[in-house]
Each structure stands twice: as structure tokens, then as C-alpha cells.
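Student: Residue strings, one per chain:
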Amino acid sequence: MDAGYESSAEEVARLRDCLNDLASIMALPALSSGSEPGQIVSTLTDALLGMLRLAFVCVRLNDSAGGPTIETMRIGDTLGGTARSDVSFASARLGLGGELGIVVAGSWRLDFPTRTERLLLDVSANQAAIGLQHARLGSEQKRIMDTIPGLVAMLTPAGEVDVVNHELVEYCGQGLEAMKHWGTNGTVHADDLPRVGQVFTQAIASGTPYDFEARVRRFDGVYRWCQIRGLPHRDTSEHIARWFVLLTDIDDRKRAEEALSRARSELAHVSRATTLSALTASIAHEVNQPLSGIITNASTCLRMLAADPPDIDGARLTAKRTIRDGNRASDVIARLRELFIKKEFTLEPLDLNEAARDVISLSSNDLQRNRVILQVELADGLPFVTGDRVQLQQVILNLLRNASDAMVDVHDRPRQLLIKTEREDGQRVRLAVRDAGVGFAPRSMDSLFDAFYTTKSGGMGIGLFVSRSIIEKHDGRLWAQPNDGPGATFFLSIPCASEIVAGAAPAVRHS
Amino acid sequence: MIGARSLVSVVDDDESVRESLPDLIRQFGFAAQAFSSAEAFLASDVLNQTSCLLLDIAMPGMSGTELQEELLRRRYAIPIVFVTATGDRTVRPRVIGQGAVECLFKPFSETALLDAITAALRTR
Numbered sequence: 007m008d009a010g011y012e013s014s015a016e017e018v019a020r021l022r023d024c025l026n027d028l029a030s031i032m033a034l035p036a037l038s039s040g041s042e043p044g045q046i047v048s049t050l051t052d053a054l055l056g057m058l059r060l061a062f063v064c065v066r067l068n069d070s071a072g073g074p075t076i077e078t079m080r081i082g083d084t085l086g087g088t089a090r091s092d093v094s095f096a097s098a099r100l101g102l103g104g105e106l107g108i109v110v111a112g113s114w115r116l117d118f119p120t121r122t123e124r125l126l127l128d129v130s131a132n133q134a135a136i137g138l139q140h141a142r143l144g145s146e147q148k149r150i151m152d153t154i155p156g157l158v159a160m161l162t163p164a165g166e167v168d169v170v171n172h173e174l175v176e177y178c179g180q181g182l183e184a185m186k187h188w189g190t191n192g193t194v195h196a197d198d199l200p201r202v203g204q205v206f207t208q209a210i211a212s213g214t215p216y217d218f219e220a221r222v223r224r225f226d227g228v229y230r231w232c233q234i235r236g237l238p239h240r241d242t243s244e245h246i247a248r249w250f251v252l253l254t255d256i257d258d259r260k261r262a263e264e265a266l267s268r269a270r271s272e273l274a275h276v277s278r279a280t281t282l283s284a285l286t287a288s289i290a291h292e293v294n295q296p297l298s299g300i301i302t303n304a305s306t307c308l309r310m311l312a313a314d315p316p317d318i319d320g321a322r323l324t325a326k327r328t329i330r331d332g333n334r335a336s337d338v339i340a341r342l343r344e345l346f347i348k349k350e351f352t353l354e355p356l357d358l359n360e361a362a363r364d365v366i367s368l369s370s371n372d373l374q375r376n377r378v379i380l381q382v383e384l385a386d387g388l389p390f391v392t393g394d395r396v397q398l399q400q401v402i403l404n405l406l407r408n409a410s411d412a413m414v415d416v417h418d419r420p421r422q423l424l425i426k427t428e429r430e431d432g433q434r435v436r437l438a439v440r441d442a443g444v445g446f447a448p449r450s451m452d453s454l455f456d457a458f459y460t461t462k463s464g465g466m467g468i469g470l471f472v473s474r475s476i477i478e479k480h481d482g483r484l485w486a487q488p489n490d491g492p493g494a495t496f497f498l499s500i501p502c503a504s505e506i507v508a509g510a511a512p513a514v515r516h517s
Numbered sequence: 577m578i579g580a581r582s583l584v585s586v587v588d589d590d591e592s593v594r595e596s597l598p599d600l601i602r603q604f605g606f607a608a609q610a611f612s613s614a615e616a617f618l619a620s621d622v623l624n625q626t627s628c629l630l631l632d633i634a635m636p637g638m639s640g641t642e643l644q645e646e647l648l649r650r651r652y653a654i655p656i657v658f659v660t661a662t663g664d665r666t667v668r669p670r671v672i673g674q675g676a677v678e679c680l681f682k683p684f685s686e687t688a689l690l691d692a693i694t695a696a697l698r699t700r
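Going down the list, the protein sequences come from chains A and B. At position 471 of the first sequence (counting the first as 1) the number is 477 in this note's numbering, and the numbers step up by one without a gap. At position 92 of the second sequence (counting the first as 1) the number is 668 in this note's numbering, and the numbers step up by one without a gap.
The set of hints was computed from the structure by calculation and includes no laboratory data. There could be a bad hint or two in this list.
[Unchecked claim] Using C-beta positions, here's what the derived DEER-type ranges look like: (1) 489(A) with 581(B): 49 to 59 Å; (2) 197(A) with 645(B): 16 to 26 Å; (3) 326(A) with 648(B): 32 to 42 Å; (4) 266(A) with 666(B): 28 to 38 Å; (5) 649(B) with 370(A): 28 to 38 Å.
Using N, Cα and C, we set each Cβ at its ideal position, and we do this for glycine too.
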């Protein structure tokens with residue numbers, strides 16, 4: 007060793023150079039983190055060639071994922087024309103066990119490597135190894151993210167997009183660089199942007215997870231509703247190292263939910279409105295008729311009494327008529343009360359004939375107005391069924407109205423409507439409503455009972471849908487058949503109550 | 577009073593109306609006759625004598641509005657006062673637009689009835 011003979015000034019100068027070199031190695035940004043392996047290698051080779059005035063430097067990188075090894079060789083410009091054949095080598099492992107690769111440096115100088123050079127080589131190799139380790143972790147992370155069957159992004163603690171997985175790139179139709187400008191490039195719908203910004207700012211400030219919905223632009227330019235969930239990932243010192251963000255396209259679900267809630271509210275509205283509006287029209291008619299009689303008769307009565315001489319007999323007659331009309335009005339109210347008094351779904355044994363008769367009398371006015379000739383064939387001695395009276399009557403009313411509506415445009419034949427009850431095999435009772443209307447094509451048989459399926463221009467297509475669900479609640483069946491002639495027949499079939507026969511049983515309800 | 581014995585015809589399928597309305601009309605001082613359907617009225621011999629027609633709208637067979645059209649077609653200029661039990665108020669402007677004098681919704685007061693009949697008779 008010649009170190010002992012060097013002057014202390016030289017020693018100090020060399021030490022200073024060495025420290026400078028070390029400092030610059032540590033400061034090389036490409037060696038720290040966040041860089042590609044290729045970049046790290048080229049930074050490493052550049053630094054070594056310059057600092058150590060090498061003849062050449064070789065780097066071999068092993069690919070962790072089992073891919074090809076990458077070998078890089080750089081030749082220094084210090085040959086200077088001197089054709090020397092003897093070269094001194096020094097090598098350093100990348101990674102503790104050399105698992106990342108190896109660096110081999112060659113110098114024309116026979117004293118290569120000096121202790122300082124050895125130190126610089128090792129420190130450089132260590133720095134590069136750290137960088138490579140980071141890069142490898144990063145690419146491993148990206149690889150894992152790419153295998154996640156979902157739209158995933160990784161954000162810096164400050165909320166900038168750092169990594170996006172393959173699926174997210176495909177979904178948005180833009181790469182990482184474009185995605186970094188999501189706040190300004192229309193990736194998020196303009197209407198949602200302020201809210202998204204607010205959520206992000208809050209989450210970053212508080213470090214709490216977020217979960218919200220916003221419209222995100224898909225590759226085809228269509229904005230779709232996405233659920234956006236973010237979770238902070240903390241390092242060992244509890245600082246947020248990054249945010250993981252998962253996007254889920256919920257547009258179809260959202261639309262389905264909207265359609266469902268629309269259907270629900272329409273359903274609720276319909277079972278109230280259409281049935282009720284039909285009923286209230288009948289109620290108005292049924293009640294106004296006797297009220298009108300009462301007022302007319304009372305007016306006549308007063309006039310007869312005021313005459314000179316008073317017409318006592320006439321007055322007595324009209325007063326009697328007034329009482330009769332009053333009773334008639336009160337009968338109507340009593341009948342209606344029975345229809346409406348039960349709001350809950352309550353099962354009770356009931357006579358389907360009687361339920362049908364009530365509905366018929368309520369709709370007779372409508373049927374008459376539509377020129378419908380109603381034929382009623384209610385079987386004698388029909389067993390009781392178990393059911394909710396009001397709901398079953400709604401179904402029957404719906405079937406009658408449908409039948410009547412189906413015949414509105416019939417002019418070339420009688421508008422005949424048959425309502426019929428009969429006992430079925432297997433302890434069931436069947437009610438049929440047969441019309442001579444427009445009918446339906448056999449192929450639409452299945453859609454008849456779907457919500458929103460309608461053949462009526464003003465209809466919403468919900469009556470049969472509701473009716474079927476009511477009948478199914480009664481363990482029954484509701485179905486339709488095209489007639490041999492014009493029109494269609496709708497059937498409902500429900501189980502009998504156990505062993506009670508109408509007329510034979512004690513009166514379950516008063517009439 | 578205009579034409580003290582003017583004939584007011586009532587066409588209504590409701591029996592209690594046919595029973596009560598003519599009595600009140602007679603109390604007003606008019607003559608009155610009732611028919612249970614549009615067809616029965618058309619077949620009667622009072623078309624020429626009728627000064628005012630009290631007409632129900634919803635009836636089996638020919639409806640009130642169809643009778644109105646039929647009378648126009650046959651060139652009978654009988655003033656019509658419609659009388660209906662429906663709650664649907666939109667029928668009023670419709671039938672008045674088609675030439676009816678008035679449309680009364682049951683139940684109506686005797687004043688409303690008398691006013692309507694008087695207005696109908698005045699158009700003749």
C-alpha cells in the first residue's frame with residue numbers, strides 16, 4: 007500500500023473528491039425511486055464511467071418475473087489510443103445476494119480499484135439496487151393492479167394520480183399521463199366535478215376513506231355513473247403513503263334501480279289511482295243519483311205544500327220518495343264502506359260470487375256507457391275461497407275494465423262480455439272473464455302480465471301485472487287465452503277455503 | 577212566464593228521475609213528459625211540441641249526446657238541458673260547445689233547474 011507515503015494535502019484532496027462523489031451519487035434522483043430500471047442502469051453507468059474514469063462498465067439485470075435478463079455495456083473514452091491488453095476488474099452485486107444483478111467495472115489502471123474507488127462502486131451499486139428494488143416493487147404493484155378485475159388507481163398522498171391499472175386505461179380510453187389531468191380534461195362530468203373535488207380535498211385533509219358516486223367518461227365519450235371508493239394506505243409511521251381508489255361502473259344498476267323505483271311508485275299510484283278513479287266515478291254516479299232525487303222531491307214537496315190549497319196527497323207522496331232516495335244513498339255508502347274499510351291484506355273465507363257481484367254492480371254504469379252487454383253466469387253452491395276481499399275485487403274490476411276497453415273499437419259485432427264462476431277440480435274455484443274485443447296475438451301471451459305491457463293507447467300496462475301479483479299472493483293463478491272467435495278470456499283460479507260452501511256455512515259477513 | 581204550458585220532456589234511464597223531475601216541472605207551471613230512453617223519445621209524437629228537453633248523458637243504447645246529434649240531423653231545434661250524475665266537469669264545455677243550453681250536474685237545486693229551463697225556452 008502506498009497510502010502511507012502520500013502527503014496529507016493529497017490525502018485531504020482525495021478525501022474531499024471522494025466525499026463529493028459520494029454526495030453526488032446520493033443525490034442522483036434516478037437512483038432513488040420511481041424510475042424505470044433502464045433509467046437507473048443508465049444513470050449508474052454514466053456516474054461510474056465519469057467518477058472512476060473506467061475503460062468500460064457492464065451491468066446485468068435479472069428480471070424478477072422470470073423474464074429475460076438485460077445486459078448493458080458502456081465503454082469509456084479513456085482508451086486514448088494506448089493499446090493495452092491488461093485490464094483490472096472490480097465487480098459489485100446489485101442487491102444483498104446479487105439477486106438483482108451485477109455490475110462489472112474495468113479500468114486500464116493496474117491499481118484499480120483503490121479503496122476509494124471500491125467504496126464509490128459499492129455505494130453506487132447499493133443506491134442503484136435500492137432504486138431497482140423500488141422499481142421492481144412498483145412494477146409488481148402495477149402487475150397486481152393489472153390483474154385486479156376492476157378499475158383501480160393509486161394516488162399520491164396529495165391526491166395526484168400515480169398509477170392506473172390496465173382496465174382503467176381501457177375503460178377511460180386514456181393513459182396515465184392524460185389521467186393525471188382528470189380534474190380539467192372532462193374525465194369527470196362537469197356537474198359532478200365540484201362535488202368530487204370537495205370529497206377529495208376533505209379526504210386528503212382528514213385521511214378518511216371515501217365512497218361516492220359520480221359520472222365518469224368512458225372511452226366512447228359516454229358519461230356513466232361510477233361508484234368511487236378510496237382507501238388510504240399508511241406506512242409504518244402511520245403516514246399516508248398512497249391512496250387506493252376503486253371505481254365501479256354502476257350505470258346499469260343505477261338505471262335499473264331508477265326504473266324499479268319508477269315502477270314501484272307507478273304501481274303504488276296505479277293500484278290507488280286507476281282502481282280508485284274508476285271506483286270514484288262510479289261512487290259519484292251512484293251517490294249523486296239518489297241525492298238528486300232527494301232534492302227534487304223535497305223541492306216538489308215544498309211547492310205542493312205552499313200551493314193554495316196545499317196538495318197534501320202530492321206532498322205526502324213526494325216526501326215518501328225523498329225517504330226512499332235517502333235510503334238508496336245510504337245503501338250505496340254502506341256498500342262502499344265494505345269495499346274500502348279493509349286496508350291491510352287480510353285473508354278471510356269469502357264467497358267469490360258475492361265479491362264479483364259487488365264489482366259488477368259498481369262497474370255496470372261504465373259497462374253500460376261502453377255499450378257492453380254483460381252476461382253473468384255465477385255457479386250455484388260455489389265453495390268459499392280464502393282471500394282478501396278488496397284485493398280480489400280489484401282484480402275482478404281490472405279484468406272487467408280491460409275486457410270493456412278491449413271492445414271500445416268493436417262496431418261490427420255485439421260487445422259481449424261474460425263473467426263466469428265455476429268449481430274446478432282439486433278444491434279450486436275459477437273465475438273467467440271473456441270478451442269479444444281485439445284479443446291478443448298468441449306470441450304476446452307471455453308479455454301480457456309484464457309491467458308496462460299494454461295494447462291500450464292510454465293505458466300504462468300495469469293492471470294485469472298488479473293483478474297477477476295479487477292472485478299469486480292467494481296461491482292462485484291468473485292467465486289468458488285467445489278465444490276461438492274474436493277476443494280473449496282471462497282466468498283466475500284460487501284455492502277453496504277448507505270445506506265451507508256458500509249458503510251452507512253460517513254467514514261470515516252480512517250483506 | 578214564457579208559454580205557461582210549454583212542454584218539457586225528460587229523457588232519463590233512471591226511474592226515480594222520471595218519477596220526480598216531471599212533478600217538479602209541473603210545479604213550475606210547465607207540462608212535462610218522461611221517456612226512459614232516447615229511442616223512446618224519438619219514436620214519440622211530442623218532438624214537435626217539446627219546448628225544452630232535459631236529457632241524461634249516459635244511457636244504455638243511444639246516449640244523450642247521440643240523441644242531440646240525431647235531433648240536429650233531423651233538423652229539430654229543441655233546446656237541450658243536459659242532466660248528468662257524472663262528476664266529470666269537462667263534459668259541460670263540450671256539450672255546450674255542441675249547442676246545449678246548459679249542463680246540470682246532479683244533484684242540482686230547483687233554482688238551477690228553473691233557470692236552465694227558462695233559458696232554454698227563451699232561445700225559441
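Student: So, for every hint listed, does it hold in this structure?
Tutor: Evaluated hints:
no. : hint                           : verdict
1   : 489(A) with 581(B): 49 to 59 Å : 56 Å, holds
2   : 197(A) with 645(B): 16 to 26 Å : 56 Å, violated
3   : 326(A) with 648(B): 32 to 42 Å : 40 Å, holds
4   : 266(A) with 666(B): 28 to 38 Å : 34 Å, holds
5   : 649(B) with 370(A): 28 to 38 Å : 30 Å, holds
The structure fails hint 2 only (numbered hints given earlier).
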